[in-house]
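Peer 1: Take a look at the letters that make up each chain.
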Amino acid sequence: MSDFIQTSPARSLQNAAQDHFIAAEAPWSGLVRKGQTIRIEDSYGQQAIDTLFYRADDFSERYSNQDTMRMQGAAYIGIGTKIMSNEGNVMLTMTADSCGRHDTSAGACSCESNTVRFGHGTKYLHACRDNFVLEVSKHGMGKRDIVPNINFFMNVPIKPNGEMTIVDGISAPGDYVELIAEMDVLCVISNCPQINNPCNGFDPTPIRVLIWDGED
Amino acid sequence: MMHVRRSPEEIAANRARYEEHQKKGLEFAPKALPGPSPLPAPVIEAAAIIHQEIVPGGWYWSSKLLRGEAIRIDQGEGNSTVALVAWNAEDTSERINLVDTAKVQWTTALGKGRVIFSDMGRVMFSMIEDSSGAHDCLMGGSTAASNAAKYPGEKTRNTRDNLILAAVKLGLDKRDIPGILNLFAPVRLAEAGGFAWQGKRTNSGDYVELRAEMDMLVAFSNCPHPLDPDPTYQPKRVVITRYKAAIPAADDLCRTATAEAVRGFENNALMQA
Ligand SMILES: [Zn+2]
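Sequences listed follow chains A and B, in order.
Quick note on our numbering: the first sequence kicks off at 1 and runs consecutively.
Quick note on our numbering: the second sequence kicks off at 217 and runs consecutively.
The shape of chain B in the complex, shown without the other chains:
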């Protein structure tokens, strides 16, 4: 079977365009981003707080989160990994998409100034604050089997079951559970592709703040990451605060730092017009 190839000129033009995007994404964008947010976390004004909840180690939580609100996830006094998933409240077939999030931003390392995309090319969250810069969008969460292997003989809760519980209580089912973003998980990749846990032993006091860029349902699971080096199952409580965020200024970091975020927010604007 013959295949008619594209012309060398078309191919050269597309390659040149790709290399231009690549250069912006790999070289210019990282320079436009700040370092991690300073510690300790500033106090959130009481009047802005909509809801605050302490999620015990091993448990899950979910909430509606409206556009313009933000959520702070605070490690409190101990180390913990918080697995996060989210759906568009109006059409739950649109959901957090980490493969797109990494690919379009040219990085798996998410931190302050980055955004989190849905499968529809729209921004769900802006990472407006992040003190740790250590999150994992690749490895997913614990399961009953992974916990049984890691903590033999112990009765433990796991992220997979937690997220099924959260999804079903929201009227969804396990088909709706997308890939998981692990907050506070210092996972790094070796050149050969192997994973390693390369963090501080604890993330005590670290926090992340995510601003909602559309109305959403969000679900969290607070269980140890599969690579957490602690051989004992002892996830610590986290504090989750839903609050009214400041209205983004024209030069808002997350909306302007990268060409990809700019275009993502243009897609949001079409939906919200």
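This is chain A alone, in the form it adopts within the complex:
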């Protein structure tokens, strides 16, 4: 794990409102209030972090990968990207990114899609969709509420001919993204357990989530 990186005078480990260690393969969820900044840190590098957002007071409004791609006119997520909801509202804005490559076209791994991609022998491996189902069920939601997510630090180049493949992530230990919440949101994370493709360097690792209050 790397040292703390201070992106603003107001952000230190000491004054973080929340500091979460998320074990390899584990899910997590938490509330991010409007004006707060959430940092998602790829502590060991080359770790895909599957992430969803729901409006805190109305879960029927949630992250939409298609609206996000359409609004910014591009397939990849980066600094300045507005994270859009299915209602066309900005949920968060990405304010910092030390990595430069994040995906929102390839979705989460699942036991079921693993059988199709990698063979029926991979069915009984822990997968992001199961993490998501367990985590959203704590908030009264079900499988129908799981929508296509963001994969922070996952490298999925799409060629002009449509070719899509997951290749080695470019994130180094300690790489992070920061997003400022534009509304109160529930953040749901699956720290991806996939070992059949390079999204985690074939070796899932722990991550860290920090949240700071707004600076006024």
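Residues from chain A that keep clear of chain B, each with C-beta distances beyond 10 Å, as calculated:
#, residue
1, S29
2, C99
3, A172
Below 30 Å or equal to it, Euclidean Cα-Cα: the simulated DSSO-like pairs (lysine-lysine) are:
#, chain 1, residue 1, chain 2, residue 2
4, B, K452, B, K280
5, B, K390, B, K366
6, A, K143, B, K280
7, A, K143, B, K390
8, A, K159, B, K240
Hint data in this document are derived by calculation from the structure and do not stem from the laboratory.
Predicted model only: the values in this text are computed from it and were never measured.
Each residue gets a CB set at the ideal place from its N, CA and C atoms; glycine is no exception.
Start from chain A and add chain B with the ligand according to the hints.
Peer 2: Only chain B with the ligand this time, still in chain A's reference frame:
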């Protein structure tokens, strides 16, 4: 906090397996697929037709579609983009999943011979015919806001509202609307990730035929794609024909062209046993 890493041997074995799948998916599978279906579209035998409907520009439509039936979406005389979503009729929590569809087939370019997956690793549709090869599974459809920005001062219908109407009339709600497949939308991606509309100006006469591989509810919206270069809102009617498809042969293209489709249909067989 210490993290115990997997052994270099385990990692090397998994990487080798991935690269083998990747090679099949990126190199061999595309060669197994044919080009676009020829035009004009062949006539569907009258006896096979279950239902036919003309959907005016700007409107929506939905139907039940049973396993073994197919649906032809025909551009008719004009250009149009048809947004499609679908649910398993027996359990609507299972629905069309475009991120899985692209990822497991190693491509966002869907066309004749490809299949469309649900979130449960099962095949919902086989693309048995497709004359355009120009579809978009990334950008989603128009909304009231996107139409207002593009066609200021005009009263227009949009895909988001159309699909809410269709879903609610099927007893579902807006939480159930999955990502949208845009048929007849020649969207291409630049290396840097930006989108461009790179098609023929119109797709007049183009058609797609989708064979249902499970019993489904399907919904369509017939509105201009957000990137459609026409500054005027003038979506054209499309003709949708639901018909009894031929029974797939053992060497059926969509069921055999790729290793991923083969395994997807094995998952379907478990459900249908
Ligand atoms: Zn995963």
